[in-house]
Structures are given as structure tokens and as C-alpha cells.
Amino acid sequence: MAQRIDVKDLNVYYSSFKAVEGVSMAVDPRTVTAFIGPSGCGKSTFLRTLNRMHEVIPGGRVEGSVQLNGRDLYAKEVDPVAVRRTVGMVFQRPNPFPTMSIFDNVAAGLRLNGEKRKKVLAERVEKSLRGANLWNEVKDRLAKPGAGLSGGQQQRLCIARAIAVQPQVLLMDEPCSALDPISTMAVEDLINELKTEYTIVIVTHNMQQAARVSDRTAFFNLAATGKPGRLVEINDTDKIFSNPTEKATEDYISGRFG
Amino acid sequence: MSTITGHSELDAEPSGDSASTGRRGDRIFSGLATGSGIFIIVLVVAVAVFLLSQAIPALLDNKANFLLDRVWEVNDSELRFGIPDLLYVTVVSSLVAMIIAVPIAILVALFLTQYAPARLAAPFGYLVDLLAAVPSIVYGLWGFFVFREYVEPVQNWLADYFGWTKLLEEPVSLGTVFLASIVLAIMILPIVTAISREVFAQTPSTHKEAALALGATRWEMIRTAVIPFGTPGVISAAMLGLGRALGETIAVTIIVSTNPGAFRFSLFSGGETFASKIANNAGELGSSTKAGAYIAAGLVLFILTFLVNAAARIIIERRKAFSE
Amino acid sequence: MSALTQDTLSPAPASPIDKPSAGRAIKDKLATVAVWTAFGIAIIPLVWILYTVVDRGANLLFDPHWWTNSQRGIVARVAGGGAYHAIIGTLLQAAVTAIIAVPIAVFTAIYLVEYGRGKLARTVSFMVDILTGIPSIVAALFIYAVWVTTFGLERVGFAVCLALVLLMIPVVVRSTEEMLKLVPNELREASYALGVPKWKTIFKIVLPTSFSGIVTGVLLGLARIMGETAPLLILGPYSKSINTDLFGGFMAALPTMINQDRVESYDPALNRVWAAALTLIVLVMVLNIAGRVIARRSKVSR
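Residue numbers (numbering that gives the first Met the number 0), protein chains in the order written: chain V, 0 to 257; chain A, 0 to 323; chain Z, 0 to 301.
The hints are simulated quantities; they were obtained by calculation from the structure and are not laboratory data. Yeah, the Cβ is synthetic: ideal placement off N, Cα and C, and Gly gets one too. One or more of the hints may lead you astray.
As the list claims (entries may be wrong) - Chain A is faced by these chain V residues, among others (derived, beta-carbon under 10 Å):
hint	residue
1	M52
2	R84
3	F90
4	P166
Just chain V, with the same shape it has in the complex (with noise of 0.2 Å):
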């Protein structure tokens, strides 16, 4: 039942700061659509307001309307908590809960969501373990704390946290920046295993790791300094990286700035 995303006129702020400026987009269900442009661009800033996680931060606010099929998230009777169970978000850096077991940290969400059987619980980690490919490698060990493991199987015990409590969407922002070339790999891949079952959206500063996982790319953009950020194209990758309708998309794929 994944679902899908279309964004319409949203403006973010900071305060009285505009972070992002006008962005319209639609995101299918099972694809994997990938977020590129220069560091500051407003793409993270974006990918945050489609779980409201952007409200987290003082003063985080938006204009404009994000519909989860069909509905918005912003609507005034919507409970941001429940919005954020729905679309789960994986972060930059890999933070499992360092006070918890590998098995506790997996069982977060479900737990918070008041899933107290044993059993249950039992089956859902192990089902999300084995869903970010890291079931093999951590089952002799899931009481050991989840801070022991490798920054790879860190970031994979986080998509297993985030996938648990069985989102619709998954949001991931730049998940691999913190991880060597190997466990990139591992998380692309399971990245590619995922869409089959999730619309999965995810930034990246890695314009080959964005042409490598994502069918559709967006491109964001400063229209100057100090401006806020825009979306400047968004098409199927292969088009987008071979033959992008946007100058500027095509000087920054080719290197010429950011």
C-alpha cells in the first residue's frame, strides 16, 4: 500500500526566513526518487517537510500543500505524530538509541505504538532485521548495544528501525554521506530491494549514487545567494542525467559548479 506524494506551491521557513521557494512535485508509489543540487539548496529542508519534521525546529514552518494520497499532511485536524509513523525518515548520520540493544532499537517505534507481545515484537525485528539485509550479521547478538556495530550497520539498523513500524514512505537523507564505499553499497542495494515494496525518497550530494538507485531525479537549485532554494527540474533519471531540459541542471551534473 505504499502511496503517493504530490506537493503543490510550498514554501519553508525558517522564521521569517525562506528557505525553499514554490516547489510543485509528484512522487509515485514504488519508485525511488532522488533529491540532487548543491549543498544549502534546500533540498534536505524539503525532504524534512514531507514528514513535518521540519516543525521540529524553532520557528520551522510551510506554506503551500504536501497530499499523501490525496490527503494533506497539513491539514489542521492532522496529527503530525501520525504523519511522521507514516512516512518514516532515515537521517544523515547513523543514530540508533545508544542506551538500547540492537532488538530494543528495532522495537522502538512498535513499542511506542504500544505493541507490548513478545512474540509479535520478536517477529517484527527479525523481519525488519532481515529487510535491511542485516539479520545475518546481528542475530547472534541482538542484546548487544546498537552503538557496538559498524557505521554501515549502523545506518542498516536504522532503515530496519524505520521500516518497522511499517511506514508508507520512506524519506532518507543523504543516509550514505557518513558511510565508506562498502557499506554504500550495501544500502544502495537495499535501497533497490525496498522500492518494490515503498515510495522511497531520498537526497543525495552523490550525483552517481542518485543515477545508480532513483528512477525519477530532482534538481535544486539557489536562484542567487541568499535566495531561497527551488526546484529547478524534475524528470526520469536516465533524462535528467543524458539530456536535462534545464541549463543549469546540466552544468551542475557535468561538474561546472556546486
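Place chains A and Z on chain V using the hints.
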């Protein structure tokens, strides 16, 4: 000060310090610094040694069992003194204070770090800190002359319903251990809050965001990310608060009536702590035989606070090692 | 991937995003109410105490005699007299305590930050912590054991100062240490690179950079010791007259002035007790607030 010791210590440093030249200025300065450091060590050791040296003769002359006998009869001809009652009142009053103060302090620290509007967090925090700026003698005055009449009904109520427990037997004294505990709780609240606040504020935002992204409410985020991260810090904060409560003198001296009758376990009795016993009898110190008995009590208090503070320190160190 | 069976990872059936579980929402609300309430509970005593003290003692502070006269010749049931003798005693003892404690504390902090390594530094740091936790009555007993019992000297103002030194040192060491640690290493290295010896670097570069922070520590330390009563009970008997000799005779201080008359039943005496308490609070709070303002300022400038 021990300048000589100081700079020989530095000379002995095999690695040397490239920035320290052999100049006289450097030698004198590092000597002063090292000397001051050593002076601190000497000072603490001296506290222990002097208290011990003056307590031991009294302990040897003591006709009663210091640890077990519940008497305190000291005069120039004979010494009969024991500490169980003092120990009981000291520990119980401080523990009750801690039980009251720590949960409130944790909530206040959470309020200041996670709930208060960003602009108001600092001034609000400062208000709580100001509680620490009220001198303890003022707490004592307020506790006995103002606050007491508001606590008395609570005591009576508790005694009516729970009087069958030895701990809450009906009040007989004007100033009770219970009243002192509440006032002590107020006094240690800013200490426990300040440290808890610091550790809660250090919770990495990545952990908080991880919890929120799983669909945690603010409270669930706090329980998943903030509290586990801060627990060791909060425990040591509680210990430091306990240490302060154990040694508090004048507020307890003013508030708690010295026990008129037989000793009772009830919180609603009077009594004396180590500190208030010494303070109440400050005039007796003139006689060196008697002074020994009070110094022995002071020594026990010193050891008690030493243990509590050392434990707090060890927990903090562990946490540092853990979070690095 | 074989692990990817149909039910393994499938998202849950679309859950309504506008209906959070009622239980969880209620818990969240309750927690919010609890922390606000706790804050309220914490503030009540502060307001209550300040109100009490002002209500019962402020009238005397508007009387100029309060600031210029002593209690000499004044008995409990008579109004009048002032707190000059106690104020001067408190200030004098605080000043002398600071003069002794601050250099030791600052040099100890310099040792810990700039020189200290290995076991000795760890021991010093641990001892500072122990000193932080010493109850004031124990510090007073220690000075009593040295000053009176061992050396056979009289109980005088200076003995009180010595006990207060013990209580002030750790406060100043810790705050100075924090400040020195904040001085960036680049500053030190820049100075060394100019051929400035280490001690001059510390004296001319490091200390001035952290000066306001050190002042804050001293003020907070002073605020702590001025409100201490226990050392005065053991070492500084009260006197109703003015005495500025730290080495001879009894010397009044605000806490002992309060302690002296708190058991009186006559209103004039009790009025003076509350007025003395207010005076003490004002002194301590002024120092405390000044310390924090200076700290805030220095943070802004950094």
C-alpha cells in the same frame, strides 16, 4: 606555599613541556600553580587527619558503643555517646528530601530544556537558580515561622490515615523531621535541576529526531531519547543533592525541635541530625573532652558526604566514558 | 532477494493520519501539564520566601539607622538600632575570605588546565570535588580543631574566614577551570610563536581572556559563603557592637544576628530578624545576579 615541591614535580615530568622554558618566571609560576594544587590535596587530607586525631581520644574514652548505643551524655567527667539516632534522622530527612525533590527537579529540567518556549527558557532557568541564592538560615526561618502551619494539617491527615505505620505516627513535636525534609527538598531542588538540565540539554538532536521520525509524541520522544541519555547525570545530580541535604545545618537546626521524649521512628517527631547536634551544642566545644564527641559526629558526617559525593563523581566519570 | 517475502516489509494498510491513539495523546498532554506544574511548584517557594521576608522586614530597611547603627544597648522588646555591625562583619569576612581563597583557587585552576597531567592532576581534581561536598559545619569543625584546640587561639573573625575559604575555593576553582578551558589553544600557540614564555602567556593572554568568567566565579563563591551560618555558630560568636578587628573580640555577621534573635518572642526583635534576613538576601542576590550578568555578557561578546 610549597613552591619547592611544586616545581620539582614539574621537573620530574619526563615529557617536558615545550612551551615552558627554563626561565625563572616559568619556574615560579608553574611552582605556584602546582603548589596550589597540592595545597588542595593537603587541605582535604588535613581535614580528615585533624577530625580523626581529635575524635579518636574521645572514641577511646567513650563508655558507650559509638555505633549502636542510643545515648548522648557528655560531660567533663564521663563520655557516653552513640550515633544511631543521629544517623537515622540525618539519613531519613535527607532521603525524604530527595524523594520529594528529584522527581520535581527532573520535570523542571525537562520543562526548561524540552517544553519552555526558547526565549523564556533562560529566564525561567534563572528563577530556579535563584532558589540556590536564598541563604539557608532564611529557609530555616521561613520553614519554621511561615511554612510550618501549612504542613501541619498535611501531617495530621497523614497521621490519621497512616498513623499505624511507625514512620507516620502522630505528630508530637512542633518542628518535625517531615517539615525539615520538605524545606531541604526545596533547598536541593536548584542543585538537582541545574545538573539534570545540563545533561538533558546535551541529548544529541539526532536521537531526538530519530524518535520523532518514528512517530513519537513529544513525551514519547523524551522517554525514548532524552531520559535514557540523561539518567546517569540525573543519578549523580540526585547524589550531590543528597550530599548537600545530609550536611545542611542551620535550616534543620531552626526547624526540627530537639526530641523531647523517647526516640520515635516517626517523621512527625523532632530529633537531631549530625549537623544540628553539633550546631545546637556549639557552646560545649569549649571543653576538649566534650568537643571530641561532637568532632566524632562531624567525622561521621564527613565520611557520609564523602561517600555520597565520590559515588556521584564515579557515575559522572562513567557517563563521560560512555558518551565518548 | 529471498528474504523479501510479501509480508516482510509491506507497509501497513493506510492508517488514518488524523486519528492519533487517544491514550498516547492524553499521556502527552498529561506530561505537558506535569512539567508546567512542576515548574510552578518550584517557583512558589521562591516567591513565597521573598514575599515573607519583604513583608516582615522591609520597613526597617527604609530607616537610615538600619544602615548606620549597631544593636549595642538595644534589648529585644525595644525597637531601634541597626544592622551596621552585622553588615560590616559579613562584608569584612567575605572580603578577607576572597583575598585568601581566590589566588589559591585561580592558581589551582591554572594548574588543572595548563600544567596538570596524570595522577597528580586527577587527585587534585578529585579533592576539589570532595571540597565541594564538605558540609560547612565540617569545615568549621576542622578549623576549630586546628585554630582553637591545636593552637589554643581565640574564636575570632579570622577563624571564620579560614572555614569559609574551604567552602569558597572549590566554587572558584570549578568556574575558573571552565573559563580557562574555553580559551582557544590557537591563542596560546600564537603567543608561544612570538617567543613569549608560558607563564607570561597565561598571565597576559589566557587570564585576561577569561577574566569576566573568573569574576563570575568569584561573585558566585562570595554569594555562597556570605549566607553560611554554620561556621559562624562554631567560630564566630555574635556581638551587638561594631567590631572590625578580625583578630580580636567577637564580631557580628548577618546570619548570627538572625540566629541570635530568632528565638525571641518580642515583635521588635523579630522584626529585626526578618530585616536582617532581607538584608542578607539582598546582598547575596545582588552578588549572584551580578555574577550571572557578567557571565552572560562575556558569552555574548564571544
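Hints, verified against the model:
{"no.": "1", "hint": "M52", "result": "holds, 6 Å"}
{"no.": "2", "hint": "R84", "result": "holds, 3 Å"}
{"no.": "3", "hint": "F90", "result": "holds, 6 Å"}
{"no.": "4", "hint": "P166", "result": "holds, 8 Å"}
Going through the hint list in order, the structure satisfies each hint without exception.
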